[in-house]
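Respectively, the protein sequence lines represent chains X and P. When you read off a place in the first sequence, starting at 1, and then add 62, the result is the number in my numbering. When you read off a place in the second sequence, starting at 1, and then add 62, the result is the number in my numbering.
Hints listed in this document are in silico derivations from the structure and should not be mistaken for laboratory results. Check each hint, because a few of them may be wrong.
Same chains, same label: a pair holds when it works inside one copy or across any pair of copies.
[To be verified] List time: in silico EDC-like cross-link candidates among lysine to aspartate or glutamate, alpha-carbon distance up to 20 Å: (1) K426 / D131; (2) K696 / D385; (3) K205 / D131; (4) K452 / E212; (5) K711 / D239; (6) K711 / D601; (7) K699 / E674.
Protein chains: 2
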Amino acid sequence: MNALDKIMRPASVAVIGASSKPHTIGFDITKNLLKYGYTGTIYPINPKDTEIQGLPAYKSVLDVPGDIDMAVIVINSKYVLSTIDQCNQKGIKGVVIISAGFKETGEAGKELETALVNKLNEYGMTCVGPNCLGVVNTDPAVKLDACFAETLPIRGDIGFVSQSGALGGGILNILKDLNIGFSQFISIGNQADVNADSAIEYWENVDDVKQILLYMESIADPQKFRTLATRTTKKKPIIALKAGRSAQGASAASSHTGSLAGADKAADALLKQSGVIREFSLQELFNTAKVFSHCPIPKGNRVAIVTNSGGPGIMCTDAVVEDGMQMAQLSEETKETLRSFLPAAASVKNPVDMIASAPLEHYKKTLETVLQDENVDMVVVIYLPFLGLKDIDVAKAVMEIKAQNPSKPVVGVFMTTQDFFQKISEMEVNIPFFMFGEQAVEGLSRLNRQRLWVERPLGQFPEFTVDKTVVNSIFENLVRENRDQLTTGESLQLLSSYGIRVCKDGEATNLEEAVELADEIGYPVVMKLNSKKISHKTDVGGVRVGIENADQLRAEYTDMVDKLKAKNLLDGMEGVIIQEMVKSDREMVCGIATDPQYGPMMMFGLGGVFVEVMKDVSFRLAPISDQDAMDMIKSVKAYKLLEGARGSKPADIKETQNILLRLSQLVKDFPCIDELDINPLMISDKDGEPIAVDGRIKIRLNEVK
Amino acid sequence: MNALDKIMRPASVAVIGASSKPHTIGFDITKNLLKYGYTGTIYPINPKDTEIQGLPAYKSVLDVPGDIDMAVIVINSKYVLSTIDQCNQKGIKGVVIISAGFKETGEAGKELETALVNKLNEYGMTCVGPNCLGVVNTDPAVKLDACFAETLPIRGDIGFVSQSGALGGGILNILKDLNIGFSQFISIGNQADVNADSAIEYWENVDDVKQILLYMESIADPQKFRTLATRTTKKKPIIALKAGRSAQGASAASSHTGSLAGADKAADALLKQSGVIREFSLQELFNTAKVFSHCPIPKGNRVAIVTNSGGPGIMCTDAVVEDGMQMAQLSEETKETLRSFLPAAASVKNPVDMIASAPLEHYKKTLETVLQDENVDMVVVIYLPFLGLKDIDVAKAVMEIKAQNPSKPVVGVFMTTQDFFQKISEMEVNIPFFMFGEQAVEGLSRLNRQRLWVERPLGQFPEFTVDKTVVNSIFENLVRENRDQLTTGESLQLLSSYGIRVCKDGEATNLEEAVELADEIGYPVVMKLNSKKISHKTDVGGVRVGIENADQLRAEYTDMVDKLKAKNLLDGMEGVIIQEMVKSDREMVCGIATDPQYGPMMMFGLGGVFVEVMKDVSFRLAPISDQDAMDMIKSVKAYKLLEGARGSKPADIKETQNILLRLSQLVKDFPCIDELDINPLMISDKDGEPIAVDGRIKIRLNEVK
């Protein structure tokens, strides 16, 4: 039994702070429990009353004769701790603390919350809140509405977690208004104990929760979220709206929820690699939920469109292509069948335009025919009002055919009135209806995304044989020198010890050594400043490429020293790195970045001067699987270059993937690595192999073991 | 008087094909004219009836006693031509042809339409349609509903043109449902005469049309559209939905409207440079129309958010930033005023969070205070249902304050029920209300875009002194040789004659000449294959860079020849181009592309191997103004590189702009140029000047004058 069962399926509930006074939360909670028909026993707790809303009331939980599974606490925050003591004494294992006045209010509240958490841990109690809206379970066996949202819930298949109480309530209202039902709702509030993770873990095995919706402003434990979500999304979709994307939004979020809003780049990476479908607006969230409520996961990405008007068909076609799906190629047989009953002016290729005069019979037969085509995975049915044909009749006809063909997703685009949608929202439907084609197609694209995720292997976390001693000795040296930045030489040496191909190079401490080294490596060479003080070498003229001979090397060296001197930067110069010059016009970047909240992230993309300008870079939280690495590589636009655009040698993708995996292993082995950039990671013109040409590594000295 | 006045403001209308039989178009048109209360005289024309819907009917227009301004024709297409003759005989100057059966039906229909156009021209008649839904003018002085859409129109300020009849009708329904009124509507159908251009030209000076909405699947005359739209958008916004963006969508479009859907790249360029606000879905189109209907153009882009719940405030903040606007910095005075009446838990910085319990008074005072802040240009007011506060009361309070402060746009985000929006749609409102924050903010971003467009100078079309004789002689030579592709040498020579800096170079026909030339230019040099047969030189190994001395030149030359021989491509080789090697890691591309329907387009962006991969390229229809050129340069991501990222020399933007303008002049002077690529256009590391390093030009030989 999951600990949340005590809260979500209690046999009895105490409302601590229950009230007879309307417009108080203690009143509303009790009222909702009663009104929604809770199947267990309700014990109102209030020191002043003996009866509340027709139920016998008790001074404290200790006065209640029977057992209590769960307590909803709606009293002033200053009494919460002593109440928790009483709950423990009574043997209550689950509490929902509605009361505000905790960490969201500042220092004193933060201390109170810490004390609360300590008590919960001590007592082994599960807690939702504080500072939350409550919980709901619409299961007919439970019928628990322990929440002060305005509307009573309607039954459906969604598990919904909201970090914002008020917004959660707003969302419940809208869901009800749109006739989107849910199974369970948890308003996690300050997440002192139960958070999105707990809910996902719980719902993973709750059969009547078929999809999970999350409204989040922060992610409490990214790695735990990742583990749980990655597993659960294989069974049921998780759809998340994460607010606070922009710096300004994040700062607004942190002022209001009392928890630091994480960097969006990291959040985005986390959601992607966990198979969570991320939405960027509430409207999209609802659309997607609606589609998942009424559609199976399709077998492929081929969409057929059935319409009685050309224009919307074109707009949907545009949307299908732009959302990364395909327009289905109807079979000859299908076209023939369509031709046999549709008028001559109709178009039997996809989009199938039955023309404006299409009667109900044509809607039915066309949809049926198209659904039976093996080349079709999903169908959009469009209806534009036409004299003599009622929207609601068309909807019923479409639903009739859908009921006979349940295996493929069908969505309706009905460009008609609000009145139609009002009617539909009061009906049992088996397909989702939208006013606009783009919404419907967007919904299908989410089904398709879920399909791809379910089909995608979970991936392996290979272990490479590496030489840790090299890294250890470099880091020890850094500690000794109290220096957190590796030199280029050290960086490349470290990468090499982890099996990453670096270009031939060596360090020279003066000009004559440099010339000797260049002779050894062979011209053309690149000369790079080796300085412990300067990390962006390009900015100070510290990188000289295409040096063809000793004379040129001498000239460039002298010039570099002069320039550094002029800028007063000569001080940290330890000499230069001489490198073989790798011929390549494909410069990538890869590395490790650390988010203060989410931890180490892997990074891959188009490198060189383009990193900041084009931002064609993908991120994933470390550690990454081989699948994650491949996703990272394939998701950047520059992947086309790697494939070998315009006659160039295709890049060794497997080796590129391995570099990312080796780096992932590196930061797992050495969590003190704070930043690591291989820029450029050049794709050799000759053999397509990725070669680390320059590296920049920074560590957190105090974390070196 | 505009010719369209006869159609949109007729003193009398004949309905040719009027009918007493319900469910026919002839019936509906007559019925709508009557029902909507047309202020002029209606003459039903039908050879079989003497009375139709209570009006005296006539056998033909020739039998009508009085003058007729306009005729609506709803008869079988085969009788249309003879009817047009009668209309002319009667002196009718405007016709609306509802009848289908013209070019949308194939060859015979196309011929019929050509014959129709000839007659219209001969008679000097203005015609809407054929194959259309009709026209509407809601002006109380006219009240003309000559259209068979399902719903009667409601009065408003929109001029709406729809290319698709059925969709036009659907849009009218939805507009009515959303309580968005319009002033005039023209369903242009096959656009035999009147098209979007005519409507824009007409509405430019019709005062009660305050915004123009277009649904288009093709643009009949791009240059005319551009001229008219560029002028009109300075006075009133034009908002366009152009369907058929994807290749598949375009092909669906062309099968259904009988006109080729244009390349979307060109359409997009055209709309951008004409100041047209392009929307990509009907929902966005309606949102935008709603916002323009109720909001003035703001003075700046600073948005303030007033909310009673944190979550939606954060989501709106994200949207403000992502839509390219700024969060307003509230003045200290504003914050102090807010602090004086809001509770301590409220946040007085933007977003202003009045917290859930905010009463009506707080909504009013907060909005008033924020509106009076000089740092605020627009305001979003958010309401999330809270016990004891009715949505409609909050809406009224907000509108009351807005009425007292009309100069700044205010939008409402009411995350409440459909019922609220139903009520709102039946009220007179002075601000637009949305269910979702993103919609509201998107609407504000359109106001902001219109502001920027109105503030943007129209731009100049400078004339440069150029040497046309060089171009003429090159083209003459091409004609002589029956060759449509210029050699690299010719291309660079041509560019140079138009004042574009090209890198030092020369042609050599054999190895020894090449060595001599390289000595003259100075090493390092680039060697490029000069062949009349091969245009993508890189693909065949025909470009060798970084040649440092004569020995290397010899080696590379021999290697190139060997490789060409091996591939059997030696045949067209005329020798090589030897070029100075420009030092630059910023390779741009610019040039001319020709769209079969839209004509020559200018192109600018990130060059080198990235053109196809990153697609960081902007387009504008030629000729371009200096403003257009600057917009092109600034709209690519790579602009940051030009500005001089990471210590590199800033590019000479003025000169880059001039290159685009010179190319624009070139294609104006020589319209036979079909394609022109300067790739790369290198930004010199030394002086930041753009230098054409390679050029590829193709002409249409038969158009050389």
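Hint check results:
no.	hint	result
1	K426 / D131	neither (52 Å within a copy, 45 Å between copies)
2	K696 / D385	within (17 Å within a copy, 28 Å between copies)
3	K205 / D131	within (15 Å within a copy, 69 Å between copies)
4	K452 / E212	between (34 Å within a copy, 12 Å between copies)
5	K711 / D239	neither (57 Å within a copy, 59 Å between copies)
6	K711 / D601	between (31 Å within a copy, 11 Å between copies)
7	K699 / E674	both (15 Å within a copy, 10 Å between copies)
Hint violations for this structure: numbers 1, 5, all remaining hints satisfied.
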